[in-house]
Amino acid sequence: MTRIDPATSATIPATAENSDESVVALWRNTATQCGDAVAVRTPEASISYRDAVNRTDDRGRAIAAAMTEPGRPVAVDVESDIDSVLAIFAVLTSGHPVILVDPFLPDDRRDHILELSGAQRMSPADIAALPSSDTPLAVPAPDAPAVLIFTSGSTGKPKGVTLPHRWALGMALDGMTFMRFEDEDKATALLPLSFGAGVDCLLMSLLNGSTLLLWDVRRRTTEGLCDWLRQERATTVHCTPSLLRSWLADLGPGDVIESVRLVSTCGEPVHSGDVERVRATISPAGVFCSWSGSSETANLAFNLFPPDRPVPPGAVPVGTPASKKSVRIVDEAGHDVRTGSTGEVVVESEYIASGYFNNPALTAAKFENLPDGRRRYRTGDLGRFDGEGRLHLLGRRDDAVKIRGYLVEPIEVEAALRALPWTVDAVVTADRDTAQLIAHVAVAPDKWTPSPAEIRTALAKTLAPWMIPRDVVVLTSLPRNERGKVDRAALPPAPPRTPEPVRGPTESTLMHIWCDILGLETVGRNEDFVSLGGDSLAAAKMLAELRDRWLVDISTADFAGTPTIAGLSELLDAAHRDRARSVTGATIIRLREGTGTPVFVMSGAGTPAASLLPLAREIDGDAPVYGLQAHGLEKRGRADRTIRAAARRAVKDIESIQADGPYRLVGYSLGGFVMLEAATILDGRDERCESVIILDSRFEPELVERIGGRMTDDTGADDPARLPDRTGTDDAERASNSQSLQIRWTRLVMRALVVTAGWWNLPTTLQWNVFWDLGRQQIRRHRPTPYRGDITLIRAAENPDHPDTWARMVTGRMRTVTVAADHHAMMRAPHVTATAAAVSAALYLTDNEGTPS
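Under the numbering used here, the first residue of the sequence shown is numbered -7, with each subsequent residue one higher.
Where hints are given, some of them may not hold.
Unchecked claim - In the DSSO-like style, the derived pairs of lysine-lysine whose C-alpha atoms are separated by at most 30 Å in a straight line are:
| id | residue 1 | residue 2 |
| --- | --- | --- |
| 1 | 358 | 151 |
| 2 | 316 | 477 |
| 3 | 151 | 477 |
| 4 | 453 | 533 |
| 5 | 477 | 394 |
| 6 | 533 | 439 |
| 7 | 477 | 178 |
| 8 | 358 | 178 |
To be verified - Restraint ranges, calculated between C-beta atoms of paired labels, are given here:
| id | residue 1 | residue 2 | range |
| --- | --- | --- | --- |
| 9 | 268 | 650 | 53 to 59 Å |
| 10 | 804 | 245 | 44 to 50 Å |
| 11 | 46 | 95 | 25 to 31 Å |
Bear in mind the hints are in silico, worked out from the structure with no lab data behind them. Here a beta-carbon is modelled for each residue, glycine too, at the ideal position from N, C-alpha and C.
Taking the hints into account, I'd like the entire structure generated from these sequences.
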């Protein structure tokens, strides 16, 4: 088909544009040229341009006849299907403006939109059922309202933005100029048509004669999407960055879709990782397009990345202004600023919104008519042009906050957060009352889950000190509104902080140490180390520094009992007064006060009981929680050589707290084997165990062979959830001759340290590694006694062991629960919440709540 100017039905010359057209005229002209070509296709059906325009003309006349009030908006419930596309064009053809209503909108939001607009609500089925009419229809004027888009209302009630019919020509030009849509294209819209970007995608493709492919991600998910795109020979794909990340997370180099020449995203900032992810999966030879805009401006700018164009690190510039749009950067007086300087983004064009529906005051404040017929819109966004003429958006003008006299843009901090290896998504907000930043970071469940302190420390490598958020909240995902944007009102608040000033030189020194380790500016004497973002590794680092500075040895067990500067100061003062004490370190500590039957939790190999604090704090109820750890881990004392010996010690510790059953036992990793063996000891004494809960304990092949169980084909050697083998065995097999001697020596030393584990006070990290290797050895040599009771097995999603193997060690019933995290992440925020919920459910599970399986 010859390329047609949608505005004139003529072959396109370089300067041919006619703004005196409506959506209806553009649609009819394009449909006439395309005829029997497919206009819209879904996995279930398709329709040609000829049939589509005939039906929209017919239904447009029916709507006009049914509506008694001229110009009254029609609100249509819009899905990603053919009927919805036809309903949109039918309302436009009728001469009434259309409101695209998202079926996922909350009822109160939908009611507010209907009340504010005074619209008549119709579904596509209602429109299809209207009686036909022969009343001729006039083509709407270019300035007549075409679409009313109601903004998300994240800062208040939604407001309606009025887009005139002329706006559609700008869409057609952008589709031709930037997306390069042609009649041979098959454009895939993964954006809901009720979104502003969704209807933009519809118009950019259909008004250029392309086939629109519709896939409803919210109802279908992305399962089967790649296969359908290959089947349809899709040429372009359009979605939000958050959807793109979710979709591509499980794809790899083998998932290339050869026909896709362009992938575009809009609605949120795009980062270099998004472009690289597309290149590494579905479209290595295609173009990536970052496309931005707003309800008021429609399309604002496009940034195209062919496969050979380097991607700048961090946030991707929004790029080149859209067709026939003049973008200016102005100061507070409205004067243009120099290239590279920051100012407010102002857009001037005839293809932007007319204003706000029934709100002349707000329209006058934001919009201005220009002498040449164009309109000016002050966006309220901060931006700048770089030396290559590309537009950079820097967030809302009212988002910026002054910290220590420096103006900080939260979007720049977000870019640094997204560059961290753990980050899936991030948003940064400003607390104006305290002039501080708050970061909410979503992390991948299959990667290491960082503590807030780790995140702040990592940011300190790339950001100025005043740009590092004071508060970091780690989440599994960011809340989003019905339009797919981050719902800032739904973000969980940062833990409240009411720091009490430190007292005396000891507390003052401790505060500076804590600030360095936690990445904070100040810490109060009463603030909890874990609540501030510290974890067991940070605690070990901090206690090691105390040891070097004051020559005193504070155990993590002691610190866990009073994890504040004030409490730690008292421990230090006491240690100075009694430096000669040499008692063996406790193997059981209280993690949480409470009443009722205690919960006893055994830590994993090479980890102190204090590492269980996040879990203990999340377990439901008011029961006291005690943590157990290996003997000799923190104070000199010969380590238990077998799981049976460790279990006997655990039983002794448990009975020192609770003389008689029923007992509630929980064990993590190696601790699961120890607590199961402890349960058999107690059972042999006719003491009942009310709950025995195993947290992601993992078998060694020798134990599996001994008990006659089975493992999966993949024993987890390459699984990131599996703890690394610190003995160096794998390295030795791959090492060169020059390395092998050193590795053999390291292995020999490690074996000697394991044999003498607990005899010496080793550096903390080495001590934990030695006990970790000892734990693996204990599992390999374990000869379990079958437990006659029931257990609950809580597994990380990546655990490679076959659950049936536990049936060789347990004769009672077994209930299995899976947590969507890896071995380490399940015990750290935010995933520890799900782990604790599973533990809580198992603790309070009664016999009539279902049969374990």
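> Which earlier hints turn out false for this structure, listed by number in ascending order?
Replying inline: 8
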